[in-house]
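Use these hints to put chains B, C and D with the ligands onto chain A, whose structure you have.
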Amino acid sequence: SGPGSGTSAASDAASVAPGKSGGTFVFLPKSLNNPYWVDARKGMEAEAKKLGVKAQFLGPDNDDAAAQVQIFDSVLATNPAGIAISPNDPASVVGDIAKARAAGIPVIAWDGPVPNSQVLGYIGTNNVAAGEQAGEALASAIGNKGKVAVVIGSLTAVNLNQRLEGVKKALAKHPDIKLVATQTSGESVATAQSAAETILQAQPDLSGMIGIGGSDLPGIAGALKSGGKCGSIKAVGFDVVPQGIAGMKGGCVDALISQKPFGMTAQALQILVDLDKGKPGPGKDFNIDTGVVTVTPSTLDEFLKTEH
Amino acid sequence: MVILLIIFLSIASPYFLTPGNITVVGRQIALALIISTGMTFVILIGGIDLSVGSIVALVSVLTGGAMVSLGLPPVVAVLIALLGGLAVGVVNGVINAYGGLPSFVVTLGMLAAARGVALGITGGSTISGFPEPFLFLGQGSIAGVPVPIWIAAVIAVVAHVVLTRTTYGRHIFFVGSNEEAAVLSGIDVRRIKVSVFVISAGLAAVSGILETSRLSVGQPGAGNGYELLAIGAAVIGGASLFGGVGGVLGTALGTTLLLLIQNALILLGISPYWQQVFSGAIIVGAVALNQWRRRRA
Amino acid sequence: MVILLIIFLSIASPYFLTPGNITVVGRQIALALIISTGMTFVILIGGIDLSVGSIVALVSVLTGGAMVSLGLPPVVAVLIALLGGLAVGVVNGVINAYGGLPSFVVTLGMLAAARGVALGITGGSTISGFPEPFLFLGQGSIAGVPVPIWIAAVIAVVAHVVLTRTTYGRHIFFVGSNEEAAVLSGIDVRRIKVSVFVISAGLAAVSGILETSRLSVGQPGAGNGYELLAIGAAVIGGASLFGGVGGVLGTALGTTLLLLIQNALILLGISPYWQQVFSGAIIVGAVALNQWRRRRA
Amino acid sequence: MADHPVVAMRGIVKTYPGVRALSSVDLSIRSGEVMALVGENGAGKSTLLKILAGAARADEGQILVDGERVAINSPRDAQDAGIAVIYQELNLASHLSVAENVYVGREPRTRLGTVDFGAMRRGSEALLRGLGVSLDSTRLVGDLNIAMRQMVEIAKALLVNARVVVMDEPTSSLTEEEVDALLALVRRLRESGVAVVYVSHRMREIFEIADRITVLRDGAVVGVREADAARPGDIVQMMVGRDLEDLYGVRASNVDEKAVPALEVRGLGCGALLHDVSFSVRPGEIVALSGLIGAGRSHAALAIFGARRRTAGQVLLDGVPRRFRSPKDAMAAGIGLVPEDRKAQGLFLGLPVRENMSSASLASISRLAFVSGRRDRALAGRFAQQLNLRSSALEVGAGTLSGGNQQKVVLARWLARSPRVLILDEPTRGVDVGAKAEIYALIRRIAADGVAVLVISSELTEVLGIADRIVVMREGYGVGELDASDATEKRVMALATGVQDDGTSYLAQNSERS
Ligand SMILES: Nc1ncnc2c1ncn2[C@@H]1O[C@H](COP(=O)(O)OP(=O)(O)OP(=O)(O)O)[C@@H](O)[C@H]1O
Ligand SMILES: Nc1ncnc2c1ncn2[C@@H]1O[C@H](COP(=O)(O)OP(=O)(O)OP(=O)(O)O)[C@@H](O)[C@H]1O
Ligand SMILES: [Mg+2]
Ligand SMILES: [Mg+2]
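Residue numbers (the numbering used here), protein chains in the order written: chain A, 979 to 1286; chain B, 12 to 308; chain C, 12 to 308; chain D, 29 to 542.
Chain A with its partners taken away, still in its complex shape (with noise of 0.2 Å):
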């Protein structure tokens, strides 16, 4: 749908507002704590003042499903125009979707599906597919062969498994490269680059390493550098964040996979405005895939004009 002019369509007075409720929209991040977040919630932000809504990003500290669930609980409590949510854990929030749901409030997912649920529909990029296109990319910028390593944030956390298992798949139609180690970070830059400087150590004849975390990659390429082996080990990693940039303008990122978090959670708001307003939105059941793109060295500058 397009921007919301607000008055059309009209069949009750109280649509004539920006929301009907004239309430909050809330976006339920997975945390905070991670640049990827920023972008979203600047898009999200963004696109509330061009339509003229109120709209909150509330997440937990670190990605953890028990603190998610509890904000989502304290959220329901204050009666929100729209939900939209990035689950740490889809089983988890199920509940909560199906409580506001009886409430008259709608949920959508974004970021990350919830299945099984009663969401309106989804809006976000599929992660398996993003690992694919990240295996891709780091198979090509290796040659199609040699030993590569992952850093991963978290192994428990769904979205990143999703990542991995992308990555594996792709890699797997390669049968000249090896996965040879694969180790947690526990979101953090610091522990990461320890992991990526560590596997450096074990690894002396490593080609290629992938971040799954928002977290890992610019680990990894702190550990290059540390190391003195950028641009002869290759690094693809998750997200376009400013030190991501940083890295590939240093020549110790090859590939970026951008899941776009400030178009996609602007859409997302659109999508929620819409439905509170009472417009037919997407459809029932819909399913948005906003795209991945994967950014390279050579494409950097273009994709930063545009709204990522």
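Hints may be right or wrong, so weigh each one.
Claimed, not checked - Just the calculated beta-carbon pair ranges, DEER-fashion:
id	chain 1	residue 1	chain 2	residue 2	range
1	D	410	C	90	46 to 52 Å
2	B	292	A	1123	54 to 60 Å
3	C	98	B	29	38 to 44 Å
4	B	296	C	236	21 to 27 Å
5	B	296	D	406	48 to 54 Å
No wet-lab data here; the hints were simulated from the structure. Since we're looking at a predicted model, the values are computed, not measured. Even glycine gets a Cβ: it sits at the ideal position worked out from N, Cα and C.
Same frame as chain A, but now just chains B, C and D with the ligands:
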């Protein structure tokens, strides 16, 4: 203090005193209180249990594994998970009491090990698809009050009575107040030590099962950081990490305070980026106020 | 014990003793050691400092904000960040010493508040684009040895000398051993208390600056969980949470053990799903072995 | 009276790292007798009794109860064998009430199975009354002063109907009144056939109560005597290996009567605990502060020292009113205080003896904030010699010393500072006779050097033996002052209790103040 906060909140936010919100906060408090009650026992003897969060994770995946993956009946699965949790407590207690290692070290090791096992047996994935009867534990209500609140209330009352009215409870205080004197008075200090770690682990396991049911998912990442919450609740409630001082009543107030803050900051619409500043200040302020009041009394 | 581990590792992994790996582990140990040295001071007086991780975060964004966002010269920016860290220590110490609140509560509040400020002023985003001279601090080497290792070594040696050879160091042990006796011996206990929190915060700030430089990024999420690592290192090194017992030497061994384990598990190619189980077991095993050896001596 | 001993210890050997505490000790106790165990500080008395109590394990030797060999591996075992113990270093839980401490491990239960707090309260108060103290048993032990805690510890041991009661210096903090009550109780125990082992450094008590005396020296028994046949001098000779003619030394009165008092207290008040306490100490003078337990003497000392906030009155040094906000201020002005409770207020138990000794005078042995190891050791060595402490003990933790030797360490700390006003609160608590004589000589020597000394002591003979003047307190009030020349036990007691020989109250005429 907590009362003051509640009054303030009722005025400041129209949502606070709605039945919906009270149920929500009540359930959150209940789950946390079960763990911090167990922690209170350990702290009373001058120990510390860092492994409670990992026990929640372990129990969560054990429940899921037994019930969903193996398809065992809910009762059996819950029992298995409980036993798993208790076993962790026995290991903690025995190494601490008989091996003489500081409880901080033992349970720090267990913090890593128990979560490692949870991670290892699931390979990191989460388990869902629990049968409906099991979900009643965490999501259902009896007489309009959520089941976890009933369970937490019973546990807290029993724990309070045990600590204040039974010889076992008084011996816990004695051990915490002066371990050497306890030995010389003929108390079997080592047995008491093992027992408090078993209680702490057991209650963490109960909370883990309830949380699994409430979230409908068994996950190896569950319970992260709960140890700090539980220790914080007990200490805010007046318990001393040096042992011998504390009680379930104080811990309940501490738990309530910590969780009310989180709820309140959301209800009041404080920017999530600044929420932690408030919550830190409120914690310190509340304890300071309490201390000041007690000194004047 | 640590020596045993090193010997074992040298045999088990051909990569362990390479200069590259030693540099890598050395730098990691250095950063952690700076924090745990400060923590040792606090633990020696029977206190605890949970805020060190948050101080790392605060300092990290202060450095970034001052140097990158405001464009101040590196030296000025580093000083501002250091002062910010020290200020946190002063607040911790004053509330603890003069307000009489338990250090656990004060620094638990600060754990939330300092990170909240870091999160608030950045809005959650990270800051990069540091000037090259600043990056030398964390990434450069002098005489082939990384700068952080030099700094950590100097800090550890100075701290060791202060604790074992100066009147101030003696006073710290007195306060931790028996606070009332220390007061009656004419020691200004409150000043000592404030000072150890300032030292702990100051060293956490130094480590935060080095980490920011090493990672080339100022981030509000930095330092998460460092408090547990630092306390663990001190306690594994023989410090008692009840105060009066411990030292920089032990803490250095504890820090080394904790970080070597992480390094080793990666080098040995242990499955990441099971790594934590090993690391928990090694921690407990190492301390048990130590205890057993000391008892036999 | 049975002939065979109730308890016999045979060939007990115990070594601690670097110390042979006991080498092949035999001890036998018959039922219905009081066996006194005496010896110098560190002779091994407490160690021997701890082995009997199951609190320490002997390296060699055996214990026989009623002629049967028993294994006592824990305090429980000893309790089961009918042995009750009053430990020298009090073992109470300060966060719990008096009643709970008395009944620990033997709590009476209600029909519901919960602890019967009422019965505990009544029982413990009755026990304490039997010891001549009335004490609210719901009070926390941590709030009691050390003498009261000692009474609680005694009550705790008496709760069980033991066949053997072991008392390790039960009277070290008590005044005559309580001592008399306790000795009466010991006699009752003896009559009912209980065997009592009694340890004390107060010779008077020993000869008052003991049937037989066992003397320990350097971890070995040097003799067992029938009390009737023994002379105090002989026993002391056996203990310390030399004669002690005059315990208290000669009073050297070089006090300038007209000198401005080095310390003067005027109308000192402190909440509900102290009221209108006034006295003065001139340079070179030794003044004793006397009174019953809880009279407020220790509190007065702490208030003078800046460790307790005073609410009324003045403290003057050399005639100048001073206000100390902390002990640090008081020390800077030249006051020193040896506190009464060495474990809680004095010692850094886990730290080496040497560091304990120099802890209040670090400034004088350091340069530029660095402690001089050489001067540190020299200081410790000097006082170890003066106070008869083995110098090998200087590097061990203070907590491993025997009780009397710990007391010497705290004394050394304050002597090392050479203050101008020295307050000694129970300076000889638990110290053996030989060392006592040395401490008295030392006190006289520093007084002769012009130091004003204020001694608080519960041992009346000590007060009479050493003081130039005696100030008496009762229930927080200063009630009188006596000159050494006309002070007698009776007159001091009359002031302290407020009851004269004829039974009339003393209060009416307590204006004897100078
Ligand atoms: N835990 C311990 N560790 C090391 N040495 C110890 C320990 N306990 C006692 N000792 C040593 O054993 C010896 C005997 O001490 P003990 O306490 O039995 O003496 P005591 O006769 O009771 O003296 P006092 O009259 O001063 O109480 C002393 O040299 C003491 O230092
Ligand atoms: N901080 C306190 N709070 C409450 N009561 C106290 C406190 N300090 C002392 N007391 C009580 O005040 C009374 C006076 O105690 P204090 O120790 O000063 O007496 P004392 O004359 O030194 O007795 P002793 O001869 O036993 O040393 C005692 O009953 C004691 O229990
Ligand atoms: Mg003794
Ligand atoms: Mg006294």
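Here is how each hint holds up against the structure:
Between residue 410 of chain D and residue 90 of chain C, the C-beta spacing of about 48 Å keeps the proposed range 46 to 52 Å intact. Distance hint check for residue 292 of chain B and residue 1123 of chain A: the Cβ-Cβ separation is about 57 Å, which falls inside the suggested range of 54 to 60 Å. Between residue 98 of chain C and residue 29 of chain B the Cβ separation comes to about 41 Å, which falls inside the hinted range of 38 to 44 Å. Checked against the hint of 21 to 27 Å, the C-beta distance between residue 296 of chain B and residue 236 of chain C comes to roughly 26 Å, which is consistent with it.
In this structure the hint that residue 296 of chain B and residue 406 of chain D lie 48 to 54 Å apart at CB holds, the actual value being about 51 Å.
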